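*Asks:* These are the residues of each chain, in order.
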Amino acid sequence: MDVYGRSPEIRVVDVEAGYYPEQTVLQGVHLVARPGQLTALLGPNGSGKSTVLRVVYGLLRPRRGAVWVDGKDVSQVPAHQRVGLGMGYLPQGRSVFPSLTVEENLEVGTWTLLRVARRAALDRVYERYPALRAWRDRPAGILSGGQQRMVEIARMMVTDPRVILLDEPTAGLAPVAAQEVYEEVARLRREGRTVLLVDQNVRAAVSLADYVYTLAFGRNQLEGTREEFQQRMHAVVREWLRV
Amino acid sequence: MPLTLLTEAVVNGVLLGLVYALISVGLSLTLGVLGVVNMAHSAFVMLGSFFALELLLRLGAPPMLSVLAAAPLFFGVGMAVDRLLLRRTASTSEAMGLLVLFGLMLVLENGAILVWTTDTRVLPWQMGQMVLAMGGLRVSFGRLLAAGLALTMILVLDFLLRRTLLGKVVRAVGQNPDAAAVLGVDVTRISMVVVGAGVATAAMGGVAVAMMFPFAPQEHLRWLAWAFLLVIVGGLGRVRNTLVAGLLVGQLEALSGILLPFQYVYAVVYAFLAITLILRGRGLQAAQERTL
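Protein chains in written order, with my numbering: chain R, 1 to 243; chain A, 1001 to 1292.
It should be emphasised that the hints constitute simulated quantities derived from the structure, not laboratory data. Here the structure is a predicted model, which is why all the values come from computation and not from measurement. Some hints here could point you the wrong way.
[To be verified] Here's a subset of chain R near chain A, in silico, CB distances under 7 Å, partners left out:
id : residue
1  : S75
2  : A79
3  : H80
4  : V108
Don't be surprised by glycine CBs; every beta carbon is placed ideally from N, CA and C.
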C-alpha cells in the first residue's frame, strides 16, 4: 500500500559534524534515503550512526556539508520545525513523558497541528494502534518497555510523517516486543514512507531494508542493495567484531 | 486555651498558607520545568506589593484590580528576563545563571530602595482594615480576600497545566525537553512562557502579601526562604502539592504562634522541613526530581 504519490528523498552530502569543537564524529558522510524505501544505516558502536540521524533531524548542525529533504537544503532548519516538513524521529532510548498519561503524550504530539485537526489526528492514531485505547488514562511511565515504545511510535505518527528516522527502535526490548516493533517498521515501509533506520540488529535491519549503508569511524564504509549486502554481511560483521 | 483562639489560629493558618502557596508556585514551576533557580523571585514578589501600592495611591485601584493588571505586565517582564538574561546564560554553567539572577535581584532591590526608600509600607486600603466577626471568631477582611485571590490563582494555574495543551506541553518540556523538541515544540518559547508565568505569579503573590503584611524593598528575602521551603516540602512543579505544603506550613506557623513563644515559630517550621527530608529518605534529591 502506498499512501503517498511520492515520499520525499533524504540526501546527506559530505556532512562533517561533532558534539565538541575538538571532536569530529562525522567526517564527510554521504547517503541517500530514496523515496518510499527503507534505508538501513549500520555500523559498529561509536561509528556515528545516531549522529547522522541527529544531523538529519536538525538536532545537531553540520559544520560542513548539507542535508537535503525533498530537494530543499534543510541544514539550518531547527529540529522543532522538522515536523512541519513532514518528518518524524524516534530517538534512541526511552522518550515518553512518564507522568503524563498515554493520551497526554499523544496530545503533545499534536502541538504543531491546527486546533481543529487535533482530535481527528488522535482518533486516527487510536485506530492505527488499537491497544493504546486501553492504556490511554495510564501514566506512560508505568507501562512496560515495549508498550512505551509503541506509545513513542504512535506519538511520532500523530502528524502522519512521510519521512521517518528510527534510532535503534528495538534497543532494550524483549524479543516479542522487538518483533512487534519490526512489524510496525515494515508497515511504515509498505505504506510508502521514506524510512531511515539505525539498528544494532544487523540481520533484522537488512531483512527489512531496500538499501544499506555502513559507517565506520564516522566515514562511509560500504553500501548496496539488500541482496548485495546480504552476500557480504557475515564478513562485514566479523570485521566489526574483529573476530 | 479558649476554643475561639484555636479556631482563629486554624483559620489564619489556612489564609496564610494559601498566600505562601501562591508566592511559591512560580518558583516551583520555573525550577521544575526549566531547572532554573530564580534567585530574583522574591524581588518580583516585592515589586508586586509596590505595584499594588502605586495603583492604589495614584488611581485608587483596589488590590483585586491590581492583580488583574499585574498578571499580564509581569508575565511580559518574565518573558523579557528569559529572553535577555536566561537564554544568554543557557549554554554556560548553572552557576552563571544563578549569579545573573542573583545580580538581577540586587538590581531590583536597590532600584526599589531608590524609588520607595527603605520605609516599611502598608496598603492604605480601607476595606482591608475591616474585620469580619462571626460568633467569637474575628478574621481580617483583607486576609480573607488575599487568601481567596491566592486560591483562585493557584486553581487557575493548576487547571492550565493539567487541562490545556499548552500546560501539557509545559509539563512535557519539564520531563524531557529533547523529546518535546522532536515533536515540534519550540522549547525556547515554552521557556519564555514558564519564566513569564513564574514572575507573574510572584507579582500576584506580592499583591496578596501587601493585602496581609507590611512590606519594604529590603525585606523580600523572607519570601524567598518560604518559597524554597514550600518547594522542598511540596516537590517541584506540582501545583497541588505546593498548595498542600503551603497549608501545612501556614497551620504550623499559626498554631505554634499561639502555643509557643514567638521566637520558636521558625524553629518549628524548619524542624518540620528537616523531618520531611528525613522521612523522604532521599533528602533534597527527592525535591529535585522533575515530576510535573
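*Asks:* Find the hints from earlier in the document that the structure breaks and name them by number, from lowest to highest.
*Replies:* The structure breaks only hint 1.
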